[in-house]
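S.K.: Spelled out from the first residue to the last, the chains are:
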Amino acid sequence: MSHTRKNVWQLGGDWADPILWYARGVKAMKARELNEGTGWRFYGAIHGIDRDLWTQYGYLSETDTPPSNADIRTFWNQCQHGSWYFLPWHRGYLIAFESIIRDAVVGLGGPDDWALPYWNYFKPGQDGLPPAFASADWPDGTGDNPLFVEQRYGPNNDGDIFVPMNAVNQNALGEPDFEGVATGGSPGFGGVSTGFAHGGRPHGRIEQQPHDQIHGLVGGELSPVQPGLMSDPDTAGLDPIFWLHHANIDRLWEVWRQNPATHVDPTKPKWTDGPASIGQRAFVMPIPGGKTFAYTPGEMSDLSKLDYTYDDVSPPGIGPSPLEARMERFGVGVAMAAEAVGRPAMAEPKNVELLGANNASIRLTGAQARTSVVLDTTVQNKLSANLRAAVTEATPAPPDRVFLNLENVRGVSDATIFDVYINVPDGANPANYPRNLAGNVSLFGVRKASKVDDTHAGDGLTFVLEISDLIDRLHLSGTLAAGQLHVQLVPRHPVSDEAQISIGRISVFRQGD
Amino acid sequence: MWPLTRRPDPLVVLGSTSLMAWSALGFYGGSLTLPALCSTQPPGTMPLPVSFDLALLLNSPAKLAAGCALMIAATMSPLMIAPLRHVQERSFAKRRTRAMLLFSIGYMAVWMAAGMALQAVALAARWAEPAPLTCLTTAAVIALLWQVSPAKQWCLNRCHRRPHLAAFGAAADLDAFGYGLANGAACVGACWALMLLPLLLAQDHLPAMAAVTLFILAERLENPAPLAWRWRGTERILRIVAARARIHLARRSNVREVSL
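Residue numbers (our numbering), protein chains in the order written: chain A, 1 to 513; chain B, 1001 to 1260.
Honestly, the hints are just simulated from the structure, not real lab data.
Hints may be right or wrong, so weigh each one.
To be verified - Reference excerpt, derived from the structure (chain B facing chain A, CB under 10 Å, subset only):
| # | residue |
| --- | --- |
| 1 | G1015 |
| 2 | S1149 |
| 3 | P1150 |
| 4 | R1162 |
| 5 | L1238 |
Ideal Cβ placement from N, Cα and C applies to all residues, glycine included.
One chain only, chain B, in its complex shape (with noise of 0.2 Å):
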């Protein structure tokens, strides 16, 4: 029998979405993704307007949704895990589902209309700027003043809330909900500079987006933080794989030592 405290268990239910996404946008190739939009026209040849309506054209409303939920599945479901267990331990086990899904939607909700200004905005700024490497370089400088703002911070230490959530009925639900459009919130506001990235990339977006993905895994690593300017996002995980070879290293210095 599963234990209460893990059924459903948010670390197989995300792991696996997040799984299940990643292959379907390897098999769509790309299909779904900005680039694909981008290349309906020559950057910059044409007005604004007209570009985005060609690309609605082209690209049909659901498509764009579909390829932005399949990117938000595959990037964001693993950081769903800790705040979905949270919901799930305070829940009463016959809620526990409804609450994980009513805090799952919130939760996308927001990212799904981040999502689409993000590919807005890369739309507009390829058009605003047709060299690509320009666009990109401008949006890196941009994404690492924000990743070592203040302001990250701010949002970072506002992903690791854990608040206390109603118990019964629709405020129990409201809570649910609540908690999901706040966790995403201020997920969209520690990741958006970094998601703009691979939007900006003509081809190899996938394998960007991956990366992106992995770094902001990393990151989430961290615990809260003060306010300040500084560097974040690798420490964490580079003392991971120090320690862990420190570990190997010593076990097979061990070894060595009983064989002789």
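Chain A on its own, in the form it takes in the complex (with noise of 0.2 Å):
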């Protein structure tokens, strides 16, 4: 029986039926001990778990029995982030919840075919918390709906929970490869090649936008000592809505994999196998009646091979590619454009190569930090015959990617969102200069990341952004000739010194070839 996922908006009521099953469902899988497999805080624990904040938010104590080490071993801290396995993880994972969760809804008397809604914030409407999440009451009025969490603070940390539509985007989809690479250029669709990776560098562009966003916006923080569940890796799993944020983004890579068709998964066998090919540790997941699920990416990549899907995956919006929309912009006409996008030769060029730095790091605090990244002449030069070229030449070439690097954020603070923008005026508002935005990010990892004696060494994280639109348009301004970028950081709120935010260094590099 294949089992549809649906968006939970369009279900037919605030709780409709399979809400209200997913809420008898969580019910059920929160009354299980620490140490069941099939239990709520177990599959918690399986994303992340940070003894600390579980012990302070009330999910750990002392009275609690543990699982076996050889358990925690095997199932715990496996969620893969920073990593071209972030997708392929997340997919199994969600699998294997929604088969406990369905088991527990057919023990009860529910529908055997119940499967995971999805929130598509991104529709009109839809932006806010379904309300089934947000009430602290069953529809009956009684006071313990599982779907509710008190640590849940929302984007201005009020606890109104909304998806802010202007931090968030869905420029992912237009990415054409899936497999990027960690040096400076495009981290790809679904992420850069890793070993098994509890938190690498960087994120691949569906992880950072929206997967990240979409954590930050709805967890929150009352500081950051006390962040929502959502906003820190290690308890995003204990939150209901964590899998409905997940079911998107997992559609969203089925909607990446069909438009167009030319959008293919990874075939090495280093991603088709997975980390277990390669002596690291395995996928694998407890499901109901004493079992686990073991799996590889390459078996999580085709969703007809798989017992679900989804009631629409469709593109977000019919226009042209990036590449055909950069080429159009340096006058190519529009029919050639999308005959030289899909030429061999249009094939995306891996060639990376740092283009400007900074000079030194940066701390975040406040309500703003500035830097100036100074353009290296040579590659500068580099950069701007290539873009002559992609006006000039009779058979036009694809035109170099330019991409923003903030390397080595550091901090406490996971629930931290900041705007970045590039050549905005001294003493303008920035808001006002939407087409200078470089793009969001949100420190969903941060603080693991920064941790030395850790499973990360304490580099932090690394965010790329793609800044090409805004580079051809200096380019065809002339004022890409002035040799410095201008950047600005603008974090959502004020940062507190607590936070510890500093960022690295902040370069720009060129992919081309």
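Assemble the dimeric complex from its two separately framed chains, guided by the hints.
M.R.: Structure follows, in structure tokens:
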């Protein structure tokens, strides 16, 4: 039987049957002990566990019987971030979780075709938290709704949960390659080649936006030591909305795969066979009946071979691809651009080189931080020549892509979110310059990534934002020759010193032939 | 044309360097290494300072340094590949060779100092404890304790660090050199006890050094981890071997099924 995951806002009511059954299933999972593989907390710990935070929020106590060391080593702290395994690992995690909820639903007399809904916050009018998650009560008014959590603070840290549309986008769907590079160029749609990566760098484009953003926007924080559950990878799996968010990310993977059909998953054995094939931990989940579900990324790739589908995998909008749009900007005709983009020669170039950098690391505190990125003259000339050729050549070539890198971002506040602007005039309000917005950054995972003596060596996170459009405009207006980019970081909320947010280096890379 | 990101490729350069160094060590029959120095006098029969003086008389400082450099180039070059790639990728194309050289100088400088110190320690140990087996056993126990200690993990975690690097001018040079020093220091911290073992062998020190090198390489495949008392170094490589064997057997099984 194939199961169809449906839009949570289009189920027919705030407490439509699929949501009601989800709540009952969550309640059943929450009733299980910490050491039960199909329990709520065990599943949260599979994503990640920080014992201090869990204890602080009442999810862990001295009376709990922990799982065996073998179970902890096999199952816990398994989530893949900053890795090309991000999408397939979470797909398997969702499938296993869905099977546990369905088993509970069926056990309670519910439908055996129950499927996990998804939250498509991009749809008009659907940017708010689904009401069943926002109420402390069940629909009958009794007050132990298992979908409600206190530690969900929202984009303004006031408990009002919604997704500001100016903080999220689906631009990742235009990324042509699944696999990216960790050398300063595009991190790809699905991330960069890694081994087992329980927090790596940099994040792939779909992981960075909207995945990371939604975590930080929904979770929020009361203070850096009081994050919302969704804001931190070590507590995120404890929030019932986590699963609907990830169902949407999983759906977007399928949207990307189908639109256009040239979007394909990696075929390298290291990806298809997963980290177990290179001597690292396997992806494995407990499922009902005392069984386990072990899987490889290759087995997660093709939705048609799995037991579920989505009710909507249509692309968000029909328009030219980012590359076509750029070529048209340079005056290449629509037909020629489309034809050129389709040629094999237009395959994504992988050569990446540093174009410029700022001179010192910066601290992000208060309402903003500014720095200047100085461009190297030689590389800048090379870039300018490439962009000129995009206009003048009889057979147009793909223009270089340009990426802003925020390297070695460290701190302790995962809920910190900021916008990155380029060349906004001094004293001006950046919000009035939306065309100068390079992108949004959410520091989901930064606390863990900043610990030296953990699995990340303390290097922090690295974020990669494509600024090709901005560079095109600077080139066409003749202002790229200034040799500098003025970068402004504007947090959603003033950042406290306690958050300890620092950016090691801000750099710019060109990716071309 | 070579891709910008891999020109010159540290894997090729350092792999070749390591192979050439091993060849040179093999060609000289180990005469450049400590056992030759130790064999200059019967251990423990004269005061330690005299032993050192005699050793330096029979083995010039240049020869000792060359032997030390060769040994470090042979054993440690492969460990520089990952940090050198980081330096390469985060530097301007025109500065890459310079930055990588500065990193290498810093890294090698630390290891040269450590290598000479290890040779002196080995000589002193052989002087203090004339029985080679006792000397070696003591060193092996120390190496084992260090291997399972949180302090070793502390060093290993720092071997995996990839810091931000300045891009322009003297600051870029200083950062590349400083990263080499820091990475070299972390590497010495992680490897000193293991590297001491072959120096205490009266013979077969080159095969022993090769074995230690392979162990260190396998150990470096493991990810950073929280500090703890535990055995480390072999888990990842054993899992790789097991995974490869499983895949190989599965393929053979599939082939057999198809042919049937």
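S.K.: Hints first: check each against the structure and report whether it holds.
M.R.: Evaluated hints:
This hint is violated: G1015/B has a C-beta 20 Å from the nearest C-beta of chain A, more than the 10 Å allowed. Interface hint status for S1149/B: violated, as the beta-carbon distance to the closest one in chain A is roughly 13 Å, over 10 Å. Evaluation of the P1150/B hint against chain A yields a held restraint, the C-beta minimum of about 8 Å falling below 10 Å. This hint holds: R1162/B has a C-beta 5 Å from the nearest C-beta of chain A, less than the 10 Å allowed.
Because the smallest distance between the Cβ of L1238/B and any Cβ of chain A comes to about 8 Å, under 10 Å, the interface hint for this residue holds.
The structure is inconsistent with the numbered hints 1 and 2, although it conforms to all the rest.
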